[in-house]
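Q: Here is what each chain is made of, one letter per residue.
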Amino acid sequence: MSSAMLLAANEVAKVSTGEAISFWVLAPLALGGALGMIFARNAVHSALFLVMTMLSLGVMYMIQQAPFLGFVQIIVYTGAIMMLFLFVLMLVGRDSSDSVVEVLRGQRIWAAVLGIGLAGLLVSGVAEALTSVRPVGLNEQNAGGGNVASIGKSIFTDYLFPFELTSALLITAALGAMVLGYTDKSKRRTQRETADARFRGEHDRPSPLPGPGVYATANSVAVPALLPDGSIAPESVSAIIEATASRELAADVKSVAGSEPGPDAHALKAGSTEEGDK
Amino acid sequence: MTRAELLADDPIWLILLKVLFIFLFALLTAMITVWAERRLIGRMQNRPGPNRVGPFGLLQPIADAIKMPFKEEIVPRTADKVTYRLAPVIAGADDDRPVGVMPFGPEVSIFGERTVLQLVDLPVGALVVLAAASIGVYGVILAGWSSGTPYPLLGGLRSAAQVISYEIAMGLAIVAVILQSHSLSLGDIVDSQHGLWFGVALFPAFFIYLVAMVGETNRAPFDLPEAESELVAGFHTEYSSMKFVIFYIAEYINMIVVCAMGTTLFLGGYMAPWPISLIGDNYFNSGWWPMLWFIAKIGLGMFLFIWLRGTLPRYRYDQFMKLGWKFLVPLSLLFIVVLTIINAWPQMQGTGRLISVGFGILVLIGLAFMAPDRRDSRAGRVPMSGGGFPVPPIDLQIPNKPRRTRQARSRAGRRQTVAAGAKEGDDGVS
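First to last, the protein sequences are chains A and B.
So for the first sequence, our numbering puts the first residue at 1; every next one is plus one.
So for the second sequence, our numbering puts the first residue at 1; every next one is plus one.
Keep in mind the hints are simulated off the structure, nothing from the lab.
Fair warning: there could be bad hints in the mix.
Said to hold, decoys possible - With a straight-line cut-off of 27 angstroms between C-alpha atoms, the simulated DSSO-like cross-links for lysine-lysine are:
(1) B:Lys81 x A:Lys187
(2) B:Lys81 x B:Lys71
(3) B:Lys67 x A:Lys187
(4) B:Lys322 x A:Lys185
Only a predicted model underlies this, so the values are computations on that prediction, with no experimental measurement involved.
Could you build all of it, start to finish, from the sequences and the hints given here?
A: Given below as structure tokens:
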């Protein structure tokens, strides 16, 4: 390597004051985010810490003359991928926490050993890059058509085949996910077919589920309906409501279920059968 | 000097001045929009709108700005406190960021300093809006989650899915513009519209952008994350006082940003519209005039938002997703391919042209397959007979109703008829 080229390379590698300030602001943020991601108890908080790390990295890319990479990092990683993570985490529910029981024996020890090994490899690689590799031709790449144009040219000339392979892989993955998650809705029975099946006895009950006893005793959908004999119709209250409010309702349920003295159910029943027979 | 060079030698006071202007511009325009929206919606709904505070109710936003922060702030007990406080900050801080890359005007002189009416001309300026939108939605989704109640959570989830989906359509619409302008820098994009605005030249992309921008900002008819009739107020149900104000303002600033972006990409940015640009040797395209056109075009976009809100009913969520993924995204992809072929046509040789024509035919065949079959007009209708249930025959003749005589029409006559009928009934018809 000629001395002139080395000189130019050194000039590129020199860190300006602004860059140094940004680095010392962003690097602790990125590291703190990474640590927070590991140690946060709540899964959503973990995800947010990871977002912070990714944002800091994105800004660092921008400062190091890779604006396209920086913005793509923000749009794709924090904008789309982490958003999907959050989406799933939120659907799972805020109160569910991971079980800390070890399923695989010795999992933690192996994780620690492999993690430290990976960290050692990464640090040695990065240290090598920082000490002995000099950036060459950064200014030439960013001049002229600019950063974006150079990236586009590289992707569509030198790296066309890997690029196309990657896109094929991604499309295959997306299609696979769609196939696995697809349920055929065209075979769903129509309203009429369901009604016919009900009367043929293919369903568990011929009629729809009874409505709640909203107008019978109270104005709440959590109140079960009463059957003609005065007992409650358990199906009339939605399973969701029963799961949350059944404990509070237990006394009410008992009182309408006939375990306490109530209306004479047998008289009512006998009367109704007589009417029906006529 | 080029745009980038002019911006690079801005002194620090000028940069601070521009930052201050951008900040005030975003906030003040948002306030004016709040007033204009309420007045215009009122007008469209045949009612006066706010008209008590100041002439034409002009001071209403200021009255609101005083009232809202003094309201009691209620934090739900179930809220995740840190995230709950963080969410409005993210939503509010992130939305006015892209105004910084918008070109408000060409080269001017401010206090003797030559500069461009733009804070910074990033080489990837067109991506800034997408990036800001993708961060800004964190504010919405975190607000929904951290409130700890179901309605905000549903609103937040809807918003996340909505913004991600429509960002794809919006990004693809922007790609069409980039293909024509050969640059991601917003200044260059405006400069390349000297002949014909991209809104005319690339009208499918413009159309897609217009729809996607409404979806992206959670505005009616796509305001599903805060659909009042379904989710109370959606993601900000549990927010009150100042935190609510921040969400409120953020929504309007977001609208301003997408309008400014649409103006820059498709409506010639700060350039004067066609008949005006002919006056006096393009006089109205020099100096400070372009800023007027830019702001006027943003106002036009805001009016479109308000008009849509006053006109269209809200979409159902699945229809909305279908529109995005099954119509806008394929349409923009197809348009990009067609645009590429049109651009490359003069340079193509015989084989290339043949391949393009073949591609076009393939697309047509594909579209023919995608067109839905004609729906059976009898599908879904209950059959008139058959199926084992007693139904009246299809050719059932219903006897005509006897004409009412004058006697029957008069009150006294009717009383007589009723009495006669009652007598008949007594005779034992039933």
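Q: Confirm or reject each hint.
A: Results of checking the hints against the structure:
1. Pair hint Lys81 (chain B) plus Lys187 (chain A) does not hold up; C-alpha atoms about 47 angstroms apart against a cutoff of 27 angstroms.
2. In summary, the hint linking Lys81 (chain B) to Lys71 (chain B) is supported, as the alpha carbons are separated by about 19 angstroms, within the 27 angstroms threshold.
3. In summary, the hint linking Lys67 (chain B) to Lys187 (chain A) is not supported, as the alpha carbons are separated by about 56 angstroms, beyond the 27 angstroms threshold.
4. Straight-line distance between C-alpha atoms of Lys322 (chain B) and Lys185 (chain A) comes to about 15 angstroms, which keeps the hinted pair within the 27 angstroms bound.
Taken one by one, the earlier hints fail for this structure at numbers 1, 3, listed in ascending order.
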